[in-house]
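Student: Assemble the whole structure, with the sequences as input and the hints as a guide.
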Amino acid sequence: MTDAVTAGRAQFAFTIMFHYLFPILTMGLGTLIAILKTIQLVKKDDRYGIAAQFWARVFAINFAMGVVTGIPMEFQFGTNWATFSHYSGGVIGQTLFMEGVFAFFAESSFLGMFLFGEKRLSPRMHWFSSVMVAGGALVSGYFITITNAWMQHPVGYEIVNGNAQLTSLRALLTNEYGLRQYPHVIMGSLTTGAMFMAGFGAYYLLARKHEEFGRLSVKVGVICGAIFSVMQLFPTGNQNALNVAHNQPVKTAAMEGLFKTEKGAPIAIIGMPDTTKQELLDPIYVPGALSFLIYGNANAEVKGLNASPKEDHPPVELVYYAYHIMIGLGTIFIAVMLFAILLLVTNRIYKTRWFLWILMLAMPFPYIANEAGWTVAEVGRQPWIVYGLQRTAAAVSPNVSGGETTFTLLGFMGLYALIGLLSLFLFMRVIASGPADMPAEVTR
Amino acid sequence: MPDINTAWFIVLALMLSGYAVLDGFDLGVGALHLLVARTDDERATVINSIGPVWNGNEVWLLAAGGSMVVAFPHLYAAGFSGFYLALMLVLWLLVLRGLSIEFRHQVDHPMWREIWDVVFCGASALLGVLFGVAVGNILLGVPFSADGTFQGSFEIMLNPFAILGGVLGLCLLCLHGASYLALRTVGALQDRARKYASVLWWVVIALLVVVSAASLKARAPGMPGFLDNFRAHPALFLITALGAGSAITMFVARKANRDKQAFLSSTALIVSILGSAAAAVFPYLLLSRTPGVKGLTIYNTASSPYSMSTALGIYLVGMAIVAIYLTAVYRTWRGKVTADTAYHP
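First to last, the protein sequences are chains A and B.
Those letters in the first sequence? Residues 16 to 459, by our numbering.
Those letters in the second sequence? Residues 16 to 360, by our numbering.
Heads up, some of the hints might be wrong.
[As the list claims (entries may be wrong)] Residues from chain B that face chain A, not an exhaustive set, calculated with beta carbons under 7 angstroms:
1. Leu102
2. Ile130
3. Ser318
[Stated by the list, open to error] Simulated restraints on C-beta separations:
4. B/Ile130 - A/Leu404: 43 to 51 angstroms
5. A/Leu404 - B/Leu242: 42 to 50 angstroms
6. B/Leu331 - A/Glu326: 43 to 51 angstroms
7. A/Pro138 - B/Ile25: 36 to 44 angstroms
8. A/Leu257 - B/Ile130: 25 to 33 angstroms
9. A/Ser323 - B/Asn315: 53 to 61 angstroms
Since the hints were derived computationally from the structure, they do not count as laboratory data.
C-beta atoms are modelled at their ideal positions from N, C-alpha and C, and glycine is treated no differently.
Tutor: Following this line, the structure appears as structure tokens:
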């Protein structure tokens, strides 16, 4: 990989996909912990406090990993993508700076208070710390999504001396692309957190250990999971799909495997895109569905890949498969969670062991869905680093060679493999040790 | 009335000083870790003394990076790609160090803790050296190519002046860390921290004299002299005087074992050293060592006036909020730490 662009993209893809594993969970789990702390305070029920304390230990490991793997992300803009930073730093610098000032300080200050301060702080202050940690994580996610949204759909700038300069902070912060993308990102994270909680609750019930905690985790997990997984699809997923269709028709064409512009365009449930033949092989179609989804009219025309020059196409297969994996998994999550609600209200969920197995084994899949979603967003934007303005190939550092980037990529791979295994090991230990003993609920 | 570029130069200097002061003490604590703490209990105490705050301290580095992107994007692009391998090394060390703090207490086994103690100490010390080397190179300037890019290879970075800066950086952070530990601990650990602080005081003063003398001679021909700004604005000597004053109060406080005063003095000393360095390079952000190539200044690397003034407003609001957080955090964790100070729940 001596070509600097390929090496730079590989490095960025690797480091951000690894990094993203941790914020996916911490944004969602942080919110759930704040919910548990709120229930504790309102119902004066310490079982929820004990549960929050246990999940905080899991949270802490993930948060530390998120922080240490996040610092390289900011640095890489300058080290590997200097031409991009030079070009757009005056704009995206705003949101990166605001993330630091408004989110990181809050999150890191109150995380220390939340994790170590239960004995030193009043219950109300301890609750407040948990809210600030969750709030900081969600605000941080907003600024990152808004930064990304500018790369997807640049607004509020002008080009001066060949570089983008900010003309309106308001336009940057209220970029409609970002405002539609953000709720979808957050729902992805909240669904992950909820299914994580339900899954480990199910594990404890299956193992017949810490059963009171297990029941509580399954209950909170599936109630939140049902709400979030549905909202993940509608309205947030739907809004985001429309967003992409109206702003980046090429990405939509790649996502759907739509090679030719069509009236009454279908949605392909399955099928294999073939870029040499420029068609979708063995498809199963829902006729007119794509036209209807985008324009509210089953006969409307949808632009296919042939509507734009080939050098503007993203890698079609990767985008198509990532999108279909995301959609497929998202649908399965809704089915599982709604079935769980059915079992919960009929009071059978804690005893239906085959279903507890499903809840437990489902845990890795939200991660895959989230990573696939980001792959669609990022790979689908190629060959642009800033959509319509700057090509990825023109964005690398002029004075850094592909060899250097390849070398540091290998360094990151080694280091991340090591710390990934270690954090997994620690995480398993926390799960094995379990929560503090919890009194059984008196009235069930 | 300073212009907006100068205001951002001051902000950047303040953010980097904030990082040096706050992460500085936990880097110093790390670098001294194996020397100052002998038993397992002492090592736990040392880690606990920075446990709840190291993460927040490191945020200053990210925020300083953010302020560099927003105000001087061309500096960010040129500087970060120019010092490519050195910065990657910094990143890996930060990753390892951060995790060593979080991982150490997770498993109750002597070998596990020993490994993370060594990683924590080694990575902290090396980071101290690298940051000192960086400041040295900023004072000295870097070689640019004719088209205005540069590549800070290790041979170029590791010149004698920068290495001297690295040694000073490490010793200064160790002094700061020892002062912090003396403030937060009791007993044998405190005695040792005080002893290291007393010895390091002499080392740091000696190095400061040598580095100051060397820096007067270090600039390349054609670049502004080290003292030009000071001669033009004698008020800048107040920053240097603050440094001299804080060195004296630290010495006095150390003799009287007034730990809080000593720690505040070492804070002031760091701020004054970085402030003097900033005053010496202004308006340059990165001086050129190549004749005929202008370096990077606060004007030729700046983003638009609109962008800079908007972000300055954000900065002032943000820092007012951060001041509240910091007060809350350091009030919550005030007092002495011990080995069983509740770490994780």
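Student: Against this structure, judge whether each hint is valid.
Tutor: Hint-by-hint comparison with the structure:
Interface hint status for B/Leu102: upheld, as the beta-carbon distance to the closest one in chain A is roughly 6 angstroms, under 7 angstroms. At about 10 angstroms, the closest approach between the beta carbon of B/Ile130 and any beta carbon in chain A exceeds 7 angstroms, and the interface hint on this residue is violated. The beta carbon of B/Ser318 is positioned within 7 angstroms of a beta carbon in chain A (closest approach about 3 angstroms), and the interface hint is therefore held. With their beta carbons about 48 angstroms apart, B/Ile130 and A/Leu404 fall inside the hinted range of 43 to 51 angstroms.
Under the hint 42 to 50 angstroms, the C-beta atoms of A/Leu404 and B/Leu242, about 45 angstroms apart, fit the expected range. For B/Leu331 and A/Glu326, the hinted distance range of 43 to 51 angstroms is satisfied, since their beta carbons lie about 46 angstroms from each other. Taking 36 to 44 angstroms as the suggested C-beta distance range, the pair A/Pro138 and B/Ile25 conforms, at roughly 42 angstroms. At roughly 52 angstroms, the beta carbons of A/Leu257 and B/Ile130 sit outside the given window of 25 to 33 angstroms.
The hint said 53 to 61 angstroms for the Cβ distance between A/Ser323 and B/Asn315, and at roughly 38 angstroms that hint is violated.
In this structure, the earlier hints numbered 2, 8, 9 are contradicted, and the remaining ones agree with it.
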